[in-house]
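Asker: Residues in the sequence shown are numbered consecutively from 1, following our numbering.
Don't read these hints as lab results, they were simulated from the structure.
Certain hints may be false.
Okay, the calculated beta carbon distance ranges per label pair [as the list claims (entries may be wrong)]:
(1) Ser-40 with Arg-72: 26 to 32 Å
(2) Glu-5 with Ala-47: 19 to 25 Å
(3) Leu-65 with Thr-24: 24 to 30 Å
(4) Leu-65 with Glu-27: 26 to 32 Å
(5) Ala-63 with Glu-18: 22 to 28 Å
Values in this document were obtained by computation on a predicted structure and should not be read as measured data.
Every residue, glycine too, gets a C-beta built ideally from N, C-alpha and C.
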Amino acid sequence: MTEDEFRELLDRHGGDLERWPRVTLREARRLLAQSVAAQSMLDEMVAVELALAETDGDATPPADLADRIFERAFGTRTASSDALAPDAAPFPGLNRPV
1 MTEDEFRELL DRHGGDLERW PRVTLREARR LLAQSVAAQS MLDEMVAVEL
51 ALAETDGDAT PPADLADRIF ERAFGTRTAS SDALAPDAAP FPGLNRPV
């Protein structure tokens with residue numbers, strides 16, 4: 001198994017290797033024993049999954065988030081984006097021209 005194949009399986013099946021298809025598990029474990037990069041990928045996935053599991057289930061994005069993203073990406077104005085103040089950036093620190 002290559003590191004790219006491992007990344008694809010990790011993205012598809014998650015960080016709990018016991019949930020992976022049995023046919024790939026042996027090769028994945030073999031790669032993990034040899035590859036620091038694969039170990040890092042697994043660590044990163046597990047950390048993300050744990051962080052997502054700890055988030056508040058009631059957390060919802062703002063209603064106008066899609067409009068704000070679209071405006072930033074394509075420079076178009078939408079009805080909800082007209083209400084945004086110039087300093088109310090949806091992504092602080094990313095207020096530079098594209």
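Asker: Taking the hints in turn, state whether each one holds.
Answerer: Verification of the hints:
For the pair Ser-40 and Arg-72, the supplied restraint of 26 to 32 Å holds, since their beta-carbon distance comes to about 31 Å. Restraint check, Glu-5 to Ala-47: a C-beta distance of roughly 21 Å satisfies the suggested window 19 to 25 Å. A hinted range of 24 to 30 Å is violated for the C-beta pair Leu-65 and Thr-24, which are about 36 Å apart. Judged by the Cβ atoms, the range 26 to 32 Å given for Leu-65 and Glu-27 is violated: they are separated by roughly 40 Å.
Remark: the range hint 22 to 28 Å for Ala-63 to Glu-18 is contradicted by a beta-carbon distance near 39 Å.
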